Amino acid sequence: MSGSAPDNPGVRVPSPLVFAAAFALGLLLQKFCPAPELSPSLRRALALLCFAVSAALGGWGFAWFLRLRTTVLPSRPSAALITSGPYRFSRNPLYAATALLYAGLALWSGALWALLLLPAAMVVLQRHVIAKEEAYLERRFGADYLDYKDRVRRWL
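Going by our numbering, the sequence shown opens with residue 1253, and the numbers climb by one from there.
It is possible that some hints are incorrect.
[As the list claims (entries may be wrong)] Cross-link-like lysine to aspartate or glutamate pairs, in silico, DMTMM-like; alpha carbons within 25 angstroms at most:
1) K1384 with D1396
2) K1401 with D1259
3) K1384 with D1399
4) K1401 with E1385
5) K1384 with D1259
6) K1401 with E1390
7) K1384 with D1402
8) K1401 with E1386
[Stated by the list, open to error] Quick list of the computed label-pair ranges, beta carbon to beta carbon:
9) F1341 with Q1378: 35 to 41 angstroms
10) V1404 with A1308: 17 to 23 angstroms
11) L1333 with C1285: 43 to 49 angstroms
12) S1293 with L1320: 40 to 46 angstroms
13) A1332 with W1360: 19 to 25 angstroms
14) G1394 with P1292: 28 to 34 angstroms
15) W1360 with D1259: 17 to 23 angstroms
16) D1259 with P1288: 45 to 51 angstroms
17) V1324 with C1285: 33 to 39 angstroms
18) H1380 with F1284: 24 to 30 angstroms
Rather than coming from a laboratory, the hints here were simulated on the basis of the structure.
Here the structure is a predicted model, which is why all the values come from computation and not from measurement.
Just so it is clear, CB atoms sit at the ideal spot from N, CA and C, and this is done for glycine as well.
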C-alpha cells in the first residue's frame, strides 16, 4: 500500500527520551545555576507520594494493555482501543504516571529546575508524540475513537 499512512503512529521521538532530556537539562541547570530547595523532609514525602501514585496508575494502565493484548510501543500497530480501567478517566494515564514519576525523581533529588521543566516536557510530548498517536488512533479506530475522545479528557 504505497502512499498510505503506516499502521503505527509514526512517533519519531520516544516519550522516555522527552522526559530524560528535560530531566538532564534540569540537573545541569541545578548544578550551574542552583535553585532554592524545599526542606528535605517535605520534598521526600512529596516524592514518595508521586512514586506511589505513579506506580498505581502506571501499573493499572499497563495491565489493560496486557489484558487486551495490544502494545505500548508506538512503532507497532494497536490491536485494541482501550477505554476501560484508567482509560475511562484519562486518554493518557501512562504519560500521567510517567510525569508523576519524573516529578518524584526531581523532588527526591532536590532538582527544582528539573521539576520546573516538566511542563515544557509535557508540551513537547503533546506536540510530538500524543498528537501523532491520536491521529493514528483516529485513522485506526474511526468513530469509536472520536466518541471516546469526546467523552474522556486527555489528562485526569
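Do the hints match the structure? See the list:
Among the hinted pairs, K1384 with D1396 is consistent with the structure: their alpha-carbon atoms are about 17 angstroms apart, no more than 25 angstroms. For the suggested pair K1401 and D1259, the alpha carbons sit about 20 angstroms apart, so the restraint of at most 25 angstroms is met. A hinted pair counts as satisfied when its Cα atoms are at most 25 angstroms apart, and K1384 with D1399 qualifies at roughly 18 angstroms. Under the criterion of a C-alpha separation no larger than 25 angstroms, the hint pairing K1401 with E1385 is consistent with the structure, at around 12 angstroms.
Proposed proximity of K1384 and D1259 is supported: the alpha carbons are some 12 angstroms apart, at most 25 angstroms. Pair hint K1401 plus E1390 holds up; C-alpha atoms about 9 angstroms apart against a cutoff of 25 angstroms. The suggested pairing of K1384 with D1402 holds, with an alpha-carbon distance near 17 angstroms, which does not exceed 25 angstroms. For the proposed pair K1401 and E1386, the alpha carbon gap of about 9 angstroms is at most 25 angstroms, so the pair holds.
Distance hint check: the CB atoms of F1341 and Q1378 are about 18 angstroms apart, inconsistent with the given range 35 to 41 angstroms. At about 19 angstroms, the beta-carbon gap between V1404 and A1308 stays in the expected band of 17 to 23 angstroms. Separated by about 45 angstroms at the C-beta atoms, L1333 and C1285 satisfy the suggested range of 43 to 49 angstroms. For the pair S1293 and L1320, the beta carbons lie near 42 angstroms from each other, so the given range of 40 to 46 angstroms is met.
At roughly 35 angstroms, the beta carbons of A1332 and W1360 sit outside the given window of 19 to 25 angstroms. The hinted range of 28 to 34 angstroms is not satisfied by G1394 and P1292, whose Cβ atoms lie roughly 51 angstroms apart. Taking the beta carbon of each, W1360 and D1259 are about 39 angstroms apart, not inside 17 to 23 angstroms as hinted. Between D1259 and P1288 the CB atoms are about 49 angstroms apart, so this pair conforms to the stated range of 45 to 51 angstroms.
Range check, V1324 to C1285: Cβ separation about 36 angstroms, and the 33 to 39 angstroms hint holds. One distance hint, 24 to 30 angstroms for the beta-carbon pair H1380 and F1284, holds here, with the actual separation near 27 angstroms.
Hints 9, 13, 14 and 15, counting from the list given before, are not met by this structure.
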